[in-house]
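Participant: Please model the complete structure; the sequences and the hints are all you need to start from.
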Amino acid sequence: DSGVTQTPKHLITATGQRVTLRCSPRSGDLSVYWYQQSLDQGLQFLIQYYNGEERAKGNILERFSAQQFPDLHSELNLSSLELGDSALYFCASSVRRNTEAFFGQGTRLTVV
Amino acid sequence: AQSVSQHNHHVILSEAASLELGCNYSYGGTVNLFWYVQYPGQHLQLLLKYFSGDPLVKGIKGFEAEFIKSKFSFNLRKPSVQWSDTAEYFCAVNAERTGANNLFFGTGTRLTVIP
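Protein sequence lines correspond, in order, to chains A and B.
Position 84 of the first sequence, counting from 1, maps to 540 under this note's numbering, and the rest follow consecutively.
Position 42 of the second sequence, counting from 1, maps to 945 under this note's numbering, and the rest follow consecutively.
Since no wrong hints were added, every one of them can be taken at face value.
Between beta-carbon pairs, the in silico distance windows are:
{"id": "1", "chain 1": "B", "residue 1": "964", "chain 2": "A", "residue 2": "508", "range": "33 to 39 angstroms"}
{"id": "2", "chain 1": "B", "residue 1": "944", "chain 2": "A", "residue 2": "513", "range": "25 to 31 angstroms"}
{"id": "3", "chain 1": "B", "residue 1": "954", "chain 2": "A", "residue 2": "496", "range": "31 to 37 angstroms"}
{"id": "4", "chain 1": "B", "residue 1": "918", "chain 2": "A", "residue 2": "494", "range": "26 to 32 angstroms"}
{"id": "5", "chain 1": "A", "residue 1": "466", "chain 2": "B", "residue 2": "911", "range": "28 to 34 angstroms"}
{"id": "6", "chain 1": "A", "residue 1": "525", "chain 2": "B", "residue 2": "964", "range": "35 to 41 angstroms"}
{"id": "7", "chain 1": "B", "residue 1": "983", "chain 2": "A", "residue 2": "457", "range": "27 to 33 angstroms"}
{"id": "8", "chain 1": "A", "residue 1": "471", "chain 2": "B", "residue 2": "932", "range": "41 to 47 angstroms"}
{"id": "9", "chain 1": "B", "residue 1": "921", "chain 2": "A", "residue 2": "526", "range": "45 to 51 angstroms"}
If you are wondering where the hints come from, they were derived from the structure by calculation, not from laboratory data.
All values reported here derive from a predicted model rather than from experimental measurement.
In this text, a Cβ means the ideal position worked out from N, Cα and C, and glycines have one as well.
Facilitator: Given below as structure tokens:
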């Protein structure tokens, strides 16, 4: 158990819908990262937050957004879902920059 | 832009064979290097890491990696693989830049170990 908690574990939704994925980082970790893992794209960095502030953006679509709350948990919002958004979404956390990240179990999103 | 290349997409070995997975990165500055493993149906777990010091890094489960700065490489090795090593292996690089801690991942190498 890495200490990073993601909910829900599985999510099935229809095209056009909106979902929210939740991540609780390890105790004491200030940085949260979101990754998307799909068969054709591999592991793609989406976005990073550090102590509530957005620090870096990767290949995140405009339909996706995220935030980190004062208690350091983070949410990834995916809207106007398309079939191609079906993937595993991982959250990871680290205590500060330039340290290793610890991954959650992921949320498997299926868009039908 | 930083990138990480893992040239082996799928490696198949018999038990007890030696393993070497390649990882190259493109970034000229100071980097921190990682190998993660993802067992089937599980999340990514850290195998080993390099920040500084001895370029030969030992990790868990008998894995090691060597950082060769001149070659921008961080190859993963294991002298004798086991069936339980069947998994996907990801190389990751964190480029030291102020205000960011992006971990850039390679596309992964799937290792299948045949008993």
